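Asks: Each chain, letter by letter, is given below.
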Amino acid sequence: MEENNQAERAEQPFVRRIGRILIWFFVAMLALTFLSRAASDALKAKVSVGYMSSGSLDLSVSGAGKWVSGETQFFTTYFARRISKVFIKPGQTVAEGDPLFAYDVSTVTGGKTVSEQKLVAAQRALEKAKAALAKQPDSTYAASTVDNAEQALLFAQFTHEQYVALQNGGVVRATCAGTVVSCDLVAGKTSVAGTSGLELALGTPQLELRIPKKEAERVAIGDEIVLMREGKQEDETLRVRSISAPDADETVTILGAQGDTEAGKIERKIGSAQDWKIRKKSGQYYTCIPLEALRQGGGDTYYVYVIREVATILGTELEAQKVDVDLLAHDDKRAAVDAALTSEDRLITACSKEISDGDRVVLHDGD
Amino acid sequence: MKSKRLQPCSFVILFLLALLVWTPLWMLLTGALTPTSELREHLSGVLGSSGELASWSLLPNRLTLQHVVELLLDTPAFFRVFWNSCVQVLPAVAGQVLIGAPAAWALSQLRFHGRNTVFRLYIVLMILPFQVTMASSYIVLNWLGLIDSPFAILLPAAFSAFPVFIMTKFFAGIPREMLEAARMDGASEWAVFFKIGLPLGLPGVLSAALLGFVEGWNAVEQPITFLKSASLTPLSVFLPATTVANTGVSFVSAVIALLPTVLIFLLGQQYLEQGILASGIKE
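In order, the protein sequences belong to chains A and B.
Just so we're aligned, residue 10 is where the first sequence starts under our numbering, counting upward by one.
Just so we're aligned, residue 929 is where the second sequence starts under our numbering, counting upward by one.
Hints are computed from structural coordinates only; laboratory data are not their basis.
Just so you know, these numbers come straight off a predicted model, no measurement behind them.
Among the clues, some could well be false.
[Claimed, not checked] With a straight-line cut-off of 20 Å between C-alpha atoms, the simulated DMTMM-like cross-links for lysine to aspartate or glutamate are:
| no. | chain 1 | residue 1 | chain 2 | residue 2 |
| --- | --- | --- | --- | --- |
| 1 | A | Lys55 | A | Glu318 |
| 2 | A | Lys241 | A | Glu276 |
| 3 | A | Lys286 | A | Asp366 |
| 4 | B | Lys1156 | A | Glu318 |
| 5 | A | Lys55 | B | Glu998 |
| 6 | A | Lys290 | A | Asp366 |
| 7 | A | Lys362 | B | Asp1002 |
| 8 | A | Lys53 | B | Asp1002 |
| 9 | A | Lys75 | A | Asp256 |
| 10 | A | Lys53 | A | Asp366 |
| 11 | A | Lys286 | A | Glu326 |
| 12 | B | Lys1156 | A | Glu326 |
| 13 | A | Lys223 | A | Asp113 |
| 14 | A | Lys286 | A | Glu217 |
| 15 | A | Lys342 | A | Glu224 |
| 16 | A | Lys55 | B | Asp1002 |
| 17 | A | Lys53 | B | Glu998 |
| 18 | A | Lys94 | A | Asp67 |
| 19 | A | Lys55 | A | Glu245 |
| 20 | A | Lys331 | A | Asp284 |
| 21 | A | Lys222 | A | Asp341 |
[Said to hold, decoys possible] Distance windows between CB atoms, simulated:
| no. | chain 1 | residue 1 | chain 2 | residue 2 | range |
| --- | --- | --- | --- | --- | --- |
| 22 | A | Ala40 | B | His1041 | 46 to 56 Å |
| 23 | B | Asp1076 | A | Gly308 | 51 to 61 Å |
| 24 | B | Ala982 | A | Phe43 | 44 to 54 Å |
[Claimed, not checked] Stretches of chain B that chain A covers, calculated by requiring three or more beta carbons in the stretch to come under 8 Å of a beta carbon on chain A:
| no. | segment |
| --- | --- |
| 25 | 1007-1020 |
| 26 | 1089-1096 |
C-beta atoms are modelled at their ideal positions from N, C-alpha and C, and glycine is treated no differently.
Construct all of the structure, not just a fragment, from the sequences and the given hints.
Replies: This is the structure we're talking about:
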């Protein structure tokens, strides 16, 4: 009996030690649970995912352009006389009949006979050219003859107007509508006959777009240019009228002129800036992926990381697997690729740290 | 009492037998510290598809803590599985004591009509293997809406017949005279149970609790049958899922899973022995 008690007493410290070890074991497991989570957060990349889909790419081009004058005509003074007043300044829009400038008429002599004869001659020349064009509508020569005749007529009309002005107080008025591009007449100075005058842009202003050659490849003559105001699209549009060859900077100049819609809220002041957009859609692609998922290897090689589920002893782990792709085209948001991907593949679009093939990852909470 | 000195021949035989018993444990411990490449060489035959035999060296060529670090610092899922086991086992053991001890006291000390029949029913339930009661248990748990929840493991374990059987044996060993004396002094039945029965029958209660813990910690069939979500899976179910790629981690997790059982055994070794003797079973 005494021996048994002694044996029990000897066992007590051992049992207590084991009890303490057991408690410490569970405490350690609890601490390691938190540590493991923290380490996992620190070591494993947190990733966001996206999915492939089929569809077309948005190949729209946009930017800021500048309003420029379209066809211009230089109207020169016919007389060498002192200019008493100038009513216009560059950029100003004038209608037919608006005052442009005034001659000093204090010493006027002569009449308007000569100018009337010139005007009648110009009108006859224009009618003759138009008749020739009607007979040969495809003739470039006939069309240029008409253009020249129209210019001659405008010039004759302006000369006639100056004769008329001298007889009626000296105020010269616009013989056609347009926008003043430049004017070298100065009040108080004498005009130089046949040299000094003003340049008038006829018709509505054009929009000049300067874009990189690569983007210009998507644009064609006749494409619709949507005008923007304060980042929002307006109902006003233009049409692409000309596309220049690339310059030394690999930049192409595109001119947009009046399209199918009337001018509206947007002020088309020559020299002012204008936001624009040319909407373009690509053909259908079977595999379009988020652009963020596309990664560039060396040279022109591209790849994506796809999340694969790997069965491990402690359940399913997520692993990043590298998949090579061929880039076909891309827009600002998506890329069309040729690759062995399915719509269920989770493509890594963003990750908290640099990853490589085979790395274990965790999904962001929202994914 | 003098201890007998073993004959050399008996010592050698017993030592060899002990080595045989220790071999799996040695493989477990050394495997946890062996590099993956070496483990692959040893085990690719059995874990791969080549059909060759596995090989094992007494000590690894190089010791590594790679698997330990990988498991403990880089695998939060392991801890989820570990705590799942704790959540499913510890309350079940507490339930066994809270429910089983009064039942065992009643069966051992109280005289009522049908007592022997109830006790025999307990014995029958105890000896029925899980596979026999699995379908009926599943139907009942499904009807209660407890399938795929920790209660599907907890509740059947808490109402297990085995702890009641062990504790009945221990409570039956308490001298009746002592209990009668307490009753004559005016103690109520609850007072007799709490103040005399439980302290004197504590080895039985501890023995039942320890055996219940070991049984619950190592249970495989119940979780596989009643749990569907991976988030509820306990440690015992994950350990068999070993592949060539994760053998080292598997060894480490097996060692960690082994630790609570070993510590619990050492803690209550004397009670466990008494419990096993009382129930007359060996696992």
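Asks: All hints are to be evaluated individually against the structure, with a verdict given for each.
Replies: Hints, one by one, checked against the model:
1. As the CA atoms of Lys55/A and Glu318/A are separated by approximately 15 Å, the hinted pair is consistent with the 20 Å bound.
2. The suggested pairing of Lys241/A with Glu276/A holds, with an alpha-carbon distance near 15 Å, which does not exceed 20 Å.
3. With a C-alpha separation of about 40 Å, the suggested pair Lys286/A and Asp366/A falls outside the 20 Å cut-off, and the hint is violated.
4. At most 20 Å may separate the alpha-carbon atoms for a hinted pair to count; Lys1156/B and Glu318/A meet this at roughly 19 Å.
5. The suggested pairing of Lys55/A with Glu998/B holds, with an alpha-carbon distance near 18 Å, which does not exceed 20 Å.
6. Under the criterion of a C-alpha separation no larger than 20 Å, the hint pairing Lys290/A with Asp366/A is inconsistent with the structure, at around 34 Å.
7. Taking the CA atoms of Lys362/A and Asp1002/B, the gap is near 17 Å; set against the 20 Å cutoff, the hint holds.
8. Proximity of Lys53/A to Asp1002/B is assessed by CA-CA distance (about 9 Å); at most 20 Å being required, the pair is judged to hold.
9. As the CA atoms of Lys75/A and Asp256/A are separated by approximately 18 Å, the hinted pair is consistent with the 20 Å bound.
10. Taken as a hint, the Lys53/A and Asp366/A pair is honoured in the structure, with Cα atoms around 13 Å apart against an allowance of 20 Å.
11. Note on Lys286/A and Glu326/A: the hinted pairing is violated, with a Cα-Cα distance of about 46 Å set against a maximum of 20 Å.
12. Distance check on the hinted pair: Lys1156/B and Glu326/A sit about 18 Å apart at the alpha-carbon level, within 20 Å; holds.
13. Taking the CA atoms of Lys223/A and Asp113/A, the gap is about 56 Å. The hint is violated against a cut of 20 Å.
14. A hinted pair counts as satisfied when its Cα atoms are at most 20 Å apart, and Lys286/A with Glu217/A qualifies at roughly 12 Å.
15. Distance check on the hinted pair: Lys342/A and Glu224/A sit about 16 Å apart at the alpha-carbon level, within 20 Å; holds.
16. The hinted pair formed by Lys55/A and Asp1002/B meets the criterion: a straight-line CA distance of about 14 Å does not exceed 20 Å.
17. Restraint check for Lys53/A and Glu998/B: the C-alpha separation of about 12 Å stays at or below 20 Å, so the hint holds.
18. Taking the CA atoms of Lys94/A and Asp67/A, the gap is about 55 Å. The hint is violated against a cut of 20 Å.
19. Between Lys55/A and Glu245/A, the direct Cα distance comes to roughly 46 Å. Violation of the 20 Å bound is thereby established for this hinted pair.
20. For the proposed pair Lys331/A and Asp284/A, the alpha carbon gap of about 41 Å is over 20 Å, so the pair is violated.
21. Distance restraint check for Lys222/A and Asp341/A: the Cα-Cα separation of roughly 17 Å lies within the 20 Å cut-off, and the hinted pair is therefore satisfied.
22. About 55 Å separates the C-beta atoms of Ala40/A and His1041/B, a value consistent with the hinted range of 46 to 56 Å.
23. For the pair Asp1076/B and Gly308/A, the supplied restraint of 51 to 61 Å holds, since their beta-carbon distance comes to about 53 Å.
24. A C-beta distance of roughly 37 Å is found between Ala982/B and Phe43/A, which places it outside the suggested range of 44 to 54 Å.
25. For the segment 1007-1020 of chain B, the assignment as covered by chain A holds, since 5 residues bring a beta-carbon within under 8 Å of that chain's beta-carbons and 3 suffice.
26. Check result for the segment 1089-1096 of chain B against chain A: violated, 0 residues qualifying (beta carbon to beta carbon below 8 Å, three or more required).
When held up to the earlier numbered hints, the structure conflicts with 3, 6, 11, 13, 18, 19, 20, 24 and 26 and fits the remainder.
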